[in-house]
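2 protein chains.
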Amino acid sequence: MQAKTSRRGEQTRERILDAAEQVFAEKDYSAARLEDVAQAVGIKRASIVYYYAGKQELYDAVEERIFTAMSSHTQGTQRPGENAINQLLDLLDGWLDFLVARPTAARILLRTSSNSYSDSRAPIRNSAGALTAWEEIIRRGQASGEFAEASPMHLLHLLGAGFIYYTATAQLLGDERNYDPANPVELEAFRTLMHRSAKALLTP
Amino acid sequence: MQAKTSRRGEQTRERILDAAEQVFAEKDYSAARLEDVAQAVGIKRASIVYYYAGKQELYDAVEERIFTAMSSHTQGTQRPGENAINQLLDLLDGWLDFLVARPTAARILLRTSSNSYSDSRAPIRNSAGALTAWEEIIRRGQASGEFAEASPMHLLHLLGAGFIYYTATAQLLGDERNYDPANPVELEAFRTLMHRSAKALLTP
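If you read the protein sequences in the order shown, they are chains A and B.
Just so we're aligned: 874 in this note's numbering is position 109 of the first sequence, and the numbers increase by one with no gaps anywhere.
Just so we're aligned: 898 in this note's numbering is position 133 of the second sequence, and the numbers increase by one with no gaps anywhere.
By construction, these hints were calculated from the structure, which means they are not laboratory data.
These numbers come from a predicted model, not from an experiment.
Even glycine gets a Cβ: it sits at the ideal position worked out from N, Cα and C.
Be a bit skeptical, because a hint or two may be false.
[What the hints assert, rightly or not] Now the stretches of chain A that chain B is said to cover, found in silico as 3 or more residues with beta-carbon under 8 Å:
#: 1; region: 794-804
#: 2; region: 866-880
#: 3; region: 928-934
#: 4; region: 939-949
[To be verified] Among chain B residues calculated to face chain A with C-beta under 7 Å, some are:
#: 5; residue: 848
#: 6; residue: 850
#: 7; residue: 854
#: 8; residue: 878
#: 9; residue: 879
#: 10; residue: 918
#: 11; residue: 927
#: 12; residue: 931
#: 13; residue: 960
#: 14; residue: 962
#: 15; residue: 968
#: 16; residue: 969
[What the hints assert, rightly or not] Okay, the calculated beta carbon distance ranges per label pair:
#: 17; chain 1: B; residue 1: 910; chain 2: A; residue 2: 969; range: 25 to 31 Å
#: 18; chain 1: B; residue 1: 816; chain 2: A; residue 2: 868; range: 35 to 41 Å
#: 19; chain 1: A; residue 1: 968; chain 2: B; residue 2: 947; range: 26 to 32 Å
#: 20; chain 1: B; residue 1: 815; chain 2: A; residue 2: 837; range: 52 to 58 Å
#: 21; chain 1: B; residue 1: 814; chain 2: A; residue 2: 807; range: 26 to 32 Å
Just chain A, with the same shape it has in the complex (with noise of 0.2 Å):
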């Protein structure tokens, strides 16, 4: 019976993250109420704030599930014994992926980016781990020589911002330049940019 009612607690709570995930990527974190990821679920809020004490909770714990997921995501696609540019690609690929399958997720990792919402140390604390496994595989192919020394950061901004406006904003430039960032061709037509510029960026 307790077997059971966790488990259906734990549904509830994927579905309330569902829901404030659609909610949060649509308003900015103050428009944001959790009436409206309660009346999305279906539930009072009460029954959400029995899983997170408030807003500021749902919205770390949103945020924790999407680097989550993304971490996961790029984790089956990397190839241990590759060289370090081809680790690094299969990274940015993984992340782009993710976050084109995802577009919730990219429109949150910008608000994230902007970090008007709070002074919560959340966000620093969620991209700790993407930044680590970025900052790694840098500082091995700069070790080893096969990289050019630059800052890890710098380098993040230049392809790790790109992937994220690519989806992020395509439907928000106007009219006659919008695109669907999910379309195959559009799509290899960034990556392949993406891989060119991640190459001239680091071959010394």
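For chain A, the structure is supplied; the task is to place chain B on it using the hints.
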């Protein structure tokens, strides 16, 4: 007397926009209040409404002023007789230097890019001049064969998003990764990478 009054009105308007840019850079759209702006200027909320009908109008005016200032700044750096790659690097440098000198603008551009605050068409209208300036150089370079074929918007994501992130997220990466984007050594290192990426992306 009329001229004096309107000059004073113009000064008040500028002070309102200055204060609003600070407020909108710090808080998300829904959290920002006209009262905060009024208090910073030292006037009553009703006095703001005399200039701007509401928060949306004020936000749009702040955004428009940023794009206008950015455009004026880069027009001063453009060299009409230059080849396309140098014109493009001049434009990128101008944008980068503008944002480094005005961090509130970088934060607001990031906010605009996630467009979570409204259904307003203002962001598309306000950014159109910058996007057009970018496209014109790319198209000219592509027409002459100096540049490889590629989507101007894809190129903008890989170069423009980079300098927005370089400026806006420098203090959001965690203590051991944070940096000062205005530090000349840091800035020149990033600029060198940005140029390298631009050349690699655009050279046929």
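Results for each hint:
1. 794-804: holds (count 3)
2. 866-880: holds (count 6)
3. 928-934: As far as the region 928-934 of chain A goes, the hint holds, because 6 residues have Cβ atoms under 8 Å from chain B.
4. 939-949: holds (count 3)
5. 848: With Cβ-Cβ at 19 Å, over 7 Å, it is violated.
6. 850: violated, 14 Å
7. 854: violated, 14 Å
8. 878: holds, 5 Å
9. 879: holds, 4 Å
10. 918: Because about 6 Å separates residue 918/B from the closest Cβ in chain A, which is inside the 7 Å limit, the hint holds.
11. 927: holds, 4 Å
12. 931: Status holds, d = 5 Å.
13. 960: Violated, about 10 Å.
14. 962: holds, 5 Å
15. 968: With Cβ-Cβ at 9 Å, over 7 Å, it is violated.
16. 969: violated, 12 Å
17. 910/B x 969/A: 25 to 31 Å: holds, 29 Å
18. 816/B x 868/A: 35 to 41 Å: About 37 Å separates the Cβ atoms of residue 816/B and residue 868/A, which means 35 to 41 Å holds.
19. 968/A x 947/B: 26 to 32 Å: holds, 29 Å
20. 815/B x 837/A: 52 to 58 Å: Once the Cβ atoms are compared, 54 Å apart, the range 52 to 58 Å for residue 837/A and residue 815/B holds.
21. 814/B x 807/A: 26 to 32 Å: violated, 40 Å
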